[in-house]
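There are 2 protein chains.
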Amino acid sequence: MSKDKQFVREITPQAEDFSRWYIDVIKKADLMDYSPVRGCIVFKPEGYELWELCQRELDARFKETGHRNAYFPLFIPESFFQKEKEHVEGFNPELPWVTEAGGEKLEERLAIRPTSETVIGHMYSKWIQSYRDLPVLINQWANVVRWEKRTLPFLRTSEFLWQEGHTAHETEAEARQETLQMLEIYRDFVENFLAIPVIVGQKTPSEKFAGAKETYSIEAMMKDGRAVQAGTSHFMGTNFAEAFEIKYLDRDNQLQYAHTTSWGVSTRLIGALIMVHGDDRGLCLPPKVAPTQVIMIPIGPAKTRDQVVARTDELYDVLKKAGIRVRVDDRQDLSPGWKFNEYEMRGVPIRLELGPRDMENGQAVLVSRVTGEKRVVAQDQLVEEVERLLAETHEQMYNNAKAFMEENLKSVDSLDELKASMEQKRGFYLAGWCGSAACEHQVKEESGATSRNIPFEVQEHKSTCLVCGDVAKHTVVFARAY
Amino acid sequence: MSKDKQFVREITPQAEDFSRWYIDVIKKADLMDYSPVRGCIVFKPEGYELWELCQRELDARFKETGHRNAYFPLFIPESFFQKEKEHVEGFNPELPWVTEAGGEKLEERLAIRPTSETVIGHMYSKWIQSYRDLPVLINQWANVVRWEKRTLPFLRTSEFLWQEGHTAHETEAEARQETLQMLEIYRDFVENFLAIPVIVGQKTPSEKFAGAKETYSIEAMMKDGRAVQAGTSHFMGTNFAEAFEIKYLDRDNQLQYAHTTSWGVSTRLIGALIMVHGDDRGLCLPPKVAPTQVIMIPIGPAKTRDQVVARTDELYDVLKKAGIRVRVDDRQDLSPGWKFNEYEMRGVPIRLELGPRDMENGQAVLVSRVTGEKRVVAQDQLVEEVERLLAETHEQMYNNAKAFMEENLKSVDSLDELKASMEQKRGFYLAGWCGSAACEHQVKEESGATSRNIPFEVQEHKSTCLVCGDVAKHTVVFARAY
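Chains as they are written, first to last, in numbering that gives the first Met the number 0: chain W, 0 to 481; chain U, 0 to 481.
Hint data in this document are derived by calculation from the structure and do not stem from the laboratory.
Mixed in with the good hints, there may be bad ones.
[Claimed, not checked] Restraint ranges, calculated between C-beta atoms of paired labels, are given here:
no.	chain 1	residue 1	chain 2	residue 2	range
1	U	Arg55	W	Glu183	45 to 53 Å
2	U	Lys320	W	Glu359	39 to 47 Å
3	W	Glu386	U	Asp16	34 to 42 Å
4	U	Gly371	W	Asp58	45 to 53 Å
5	U	Leu333	W	Gly65	18 to 26 Å
6	U	Glu244	W	Glu445	23 to 31 Å
7	U	Gly102	W	Asn191	35 to 43 Å
8	W	Gly434	U	Lys27	35 to 43 Å
[As the list claims (entries may be wrong)] Here are the simulated DSBU-like cross-link-like pairs (lysine-lysine), alpha carbons at most 35 Å apart as the crow flies:
no.	chain 1	residue 1	chain 2	residue 2
9	W	Lys320	U	Lys62
10	W	Lys84	W	Lys472
11	U	Lys461	U	Lys418
12	U	Lys373	U	Lys320
13	U	Lys373	W	Lys320
14	U	Lys287	U	Lys82
15	U	Lys62	W	Lys338
16	W	Lys320	W	Lys338
17	W	Lys125	U	Lys222
18	W	Lys287	W	Lys27
19	W	Lys62	U	Lys338
20	W	Lys84	U	Lys104
21	W	Lys82	U	Lys104
22	W	Lys26	U	Lys409
23	U	Lys320	W	Lys62
24	U	Lys319	U	Lys338
25	U	Lys104	W	Lys443
26	W	Lys104	U	Lys82
27	U	Lys461	W	Lys320
28	U	Lys409	U	Lys287
29	W	Lys26	U	Lys148
30	W	Lys84	W	Lys27
31	W	Lys62	W	Lys84
32	W	Lys125	U	Lys82
33	U	Lys62	W	Lys373
34	W	Lys320	U	Lys287
35	U	Lys26	W	Lys84
36	W	Lys84	U	Lys148
37	U	Lys84	W	Lys104
38	W	Lys26	U	Lys222
39	W	Lys148	U	Lys246
40	U	Lys104	W	Lys148
Where a beta carbon is used, it is the ideal one built from N, C-alpha and C, also for glycine.
All chains, please: the whole structure from these sequences, using the hints.
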């Protein structure tokens, strides 16, 4: 049995078992490992680098829009959770509690933060006195913990990494504008950096963040048709301001509650990235988030080896200098074929092959991970050619994912149709909804699909509720979600 | 009373009460706030930015030397601490324990990590099988918790931010080389980026890291003569490899324990930065770590205001484009004098003033925070002039701190001399030491000074132990430490 065949058999095909495919890929691409703590994973370097690139890009976008980073405590006193009624109900079941520290039992239990609204609300009430102190535009990069019953690497882990923005504003209009601005930053980042198309919309009341007035989300479709909530932005109104006494003297010297927002994305983006773009050969990374964009592999017989490797190193310097993330694999004990498979499995967007014939002709071969296309290019135009292929690759990956999402976004008129359709193939289902929590609940009970959001843009507005048949208030996307 | 006077009186002079000076400065410069959780602070944006700049610089240096980032769980099962005897004794008193989570009592208590040796040791034992898997060179940026009895913002907080590198090697020699390489990276970073001179050396056995074979440190002198351990690098030998079964098949197919290291710096660097460079006017930031390197303040009467502000904005663009971190303060409701004080207090290295006269002459005025020197410079050479003054400022600050450290580094022959000398003025004290823990302990008991390290380089080797008078094995730096 050749190494190639052995390799291919190590990843379960998507069509056979999507969940096993996912686990096979993340293990084989060395992105993570399970830890000795239930539900917590280790982000290995190959996986963590994806997060670092997301961080760098998002952080720049946050700063461009006037936000600054800060850091708040990991621990939240129990009494803080009691202050916002919906918030405590939403998070209490998932909290880990520190009850002892420094050899003593604590007087008040401390929760590990599942999110920092409460402790930040407390601090903002100290910092904000006057309209002159507003807006406060702060973001935090941090670890948070939600003790999950069922976990899945990256997509649902007890501890995860995220950013959480928390802002306070003078007026409701400003807070609403901030909420939508950050939602748009997420949409733009996820679509144009991760090449993942999303549906942008508002959550129904039963799916909104615990304590928010309104929650907005971007929803992405995985290759098995299930949804991943890829980012959320919350308009809190004055809920947290009232709970934590965030008050300011306005321009007329009157005490007012501030209007607050919060917004976040997390390491579950890594899971989405894998499930949207991956295929039976393994990971497939969009160029902008690929830690290695080009893998260079010198090939050919032993006698020309030194020359080819030397030229590869020269071209490496050229690409590196142009800002392209490039690596060379010139290990001698592994065959080119083995390496080709390896980097395909790891999802490197471009493979560059250089052999003695290419040397003679002043050429190199570029191979696209996503299409398999081979391009023979001139060495003296290498930077331009690589940049072009990276840009094309991003477009192709986005378009492929977009086409897949559109194909699997269907319109249904009744719960029975939804159920029948879901049994055939999972996807997103547009349906009318009367606005009652009861109907929404029934959809979930009978089909397993939850309302993902009420899209800002739909091609067709549905007129009747899929459950009760009453007049539809909204057209909603339903789907099974991770 | 003018605003200026009012301002000056808000910072306690260093000579009057150094501790109060420190707290006054960090509060007034808005670097932090106390949190509702005992011993935990909030890193406000002005303080957090200092950490971000340290992170960016260190991270680049780690990656240049082949290290990659990863992320391990916050929680550590209790049984893990039991595996390395010294380690558990060292950290047990400081651990917070999670005993309940998700509404249930846990079967095994989980500690919040005080450092990650144990959980990383466990993972390395899974990842390392063969000499081909070595070296493993991983770093983690994370929050850690040590439940401290007495805390001080930045310098000693229950939760703090840090990086911890953890490496595993085939041979002892390689692990030793790594330990010293990282120590050298810390020295270079602290001296050449933070402008803080340090004494590089090895810790005595009683001051080494719990579980290490050898610990090395860099020690900095604060303006009150006390020491801050600014970075540590540990050679573990096979201690953790034996405790966690980190074994590999060597080139002769024999099972061997790996040799490991760990190394870290933390947000206490921010405290050191303030205490080394600050003065009675407030913070004084070395240029490389200053979030704002140049503050531009347009001045002059109302009638020329628009013109001056317009030109200021043009020059802002020029500096910004040159990669200088620059801000403009053109607020009209605050006087130039108030602003001058404000940015001096915040430690901005260079103030740029631009008034109508400067406009006419094509000039601008640069004022150095550290020397107070004013330089009239040509606008068309602004970038070069600013870069020159920033470089000079770094040199001056380093040299000032170095001169201060040398002045307050004294040689003593006996414990009585040490005590008498310390009563006069705190500082670093070089003394001979026989090598016994008893003598070291006695120094601590009687003088409050601890052994900081055994410097790699000393001008004078002491021949007798300061306590017992026996032959000195080492020349040691003693000092009171934060």
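Checked hints:
1. Arg55(U) <-> Glu183(W): 45 to 53 Å: violated (27 Å)
2. Lys320(U) <-> Glu359(W): 39 to 47 Å: Given range 39 to 47 Å: holds, Cβ gap about 44 Å.
3. Glu386(W) <-> Asp16(U): 34 to 42 Å: This hint is violated: roughly 60 Å between Cβ atoms.
4. Gly371(U) <-> Asp58(W): 45 to 53 Å: violated (36 Å)
5. Leu333(U) <-> Gly65(W): 18 to 26 Å: holds (20 Å)
6. Glu244(U) <-> Glu445(W): 23 to 31 Å: violated (51 Å)
7. Gly102(U) <-> Asn191(W): 35 to 43 Å: About 41 Å separates the Cβ atoms of Gly102(U) and Asn191(W), which means 35 to 43 Å holds.
8. Gly434(W) <-> Lys27(U): 35 to 43 Å: Taking Cβ atoms as reference, Gly434(W) and Lys27(U) lie about 53 Å apart, which means the hint is violated.
9. Lys320(W) <-> Lys62(U): holds (17 Å)
10. Lys84(W) <-> Lys472(W): Holds - the C-alpha atoms of Lys472(W) and Lys84(W) are around 28 Å apart, at most 35 Å.
11. Lys461(U) <-> Lys418(U): holds (18 Å)
12. Lys373(U) <-> Lys320(U): holds (24 Å)
13. Lys373(U) <-> Lys320(W): With Cα atoms ~40 Å apart, Lys373(U) and Lys320(W) exceed 35 Å; violated.
14. Lys287(U) <-> Lys82(U): violated (42 Å)
15. Lys62(U) <-> Lys338(W): holds (24 Å)
16. Lys320(W) <-> Lys338(W): Given pair Lys320(W), Lys338(W) holds - Cα atoms ~25 Å apart, limit 35 Å.
17. Lys125(W) <-> Lys222(U): Holds. Lys125(W) to Lys222(U) sits at ~32 Å (cutoff 35 Å).
18. Lys287(W) <-> Lys27(W): The given pair, whose Cα atoms are some 22 Å apart, holds under the 35 Å limit.
19. Lys62(W) <-> Lys338(U): This hinted pair holds, its Cα atoms lying about 24 Å apart.
20. Lys84(W) <-> Lys104(U): holds (24 Å)
21. Lys82(W) <-> Lys104(U): holds (24 Å)
22. Lys26(W) <-> Lys409(U): violated (57 Å)
23. Lys320(U) <-> Lys62(W): holds (17 Å)
24. Lys319(U) <-> Lys338(U): holds (21 Å)
25. Lys104(U) <-> Lys443(W): Distance ~31 Å between Lys104(U) and Lys443(W) Cα, so the pair holds.
26. Lys104(W) <-> Lys82(U): holds (25 Å)
27. Lys461(U) <-> Lys320(W): Violated, because 52 Å separates the two Cα atoms, which is more than 35 Å.
28. Lys409(U) <-> Lys287(U): The hint holds at about 31 Å.
29. Lys26(W) <-> Lys148(U): violated (43 Å)
30. Lys84(W) <-> Lys27(W): Violated, at about 44 Å.
31. Lys62(W) <-> Lys84(W): Roughly 33 Å between the alpha carbons, so the hint for Lys62(W) and Lys84(W) holds.
32. Lys125(W) <-> Lys82(U): Measuring from Cα to Cα gives roughly 45 Å; hence the hint is violated.
33. Lys62(U) <-> Lys373(W): Given pair Lys62(U), Lys373(W) holds - Cα atoms ~32 Å apart, limit 35 Å.
34. Lys320(W) <-> Lys287(U): With a Cα-Cα distance of about 24 Å, the restraint between Lys320(W) and Lys287(U) holds, given a limit of 35 Å.
35. Lys26(U) <-> Lys84(W): holds (33 Å)
36. Lys84(W) <-> Lys148(U): holds (34 Å)
37. Lys84(U) <-> Lys104(W): holds (24 Å)
38. Lys26(W) <-> Lys222(U): With Cα atoms ~52 Å apart, Lys26(W) and Lys222(U) exceed 35 Å; violated.
39. Lys148(W) <-> Lys246(U): Holds, at roughly 34 Å.
40. Lys104(U) <-> Lys148(W): holds (14 Å)
The earlier numbered hints that this structure contradicts are 1, 3, 4, 6, 8, 13, 14, 22, 27, 29, 30, 32, 38.
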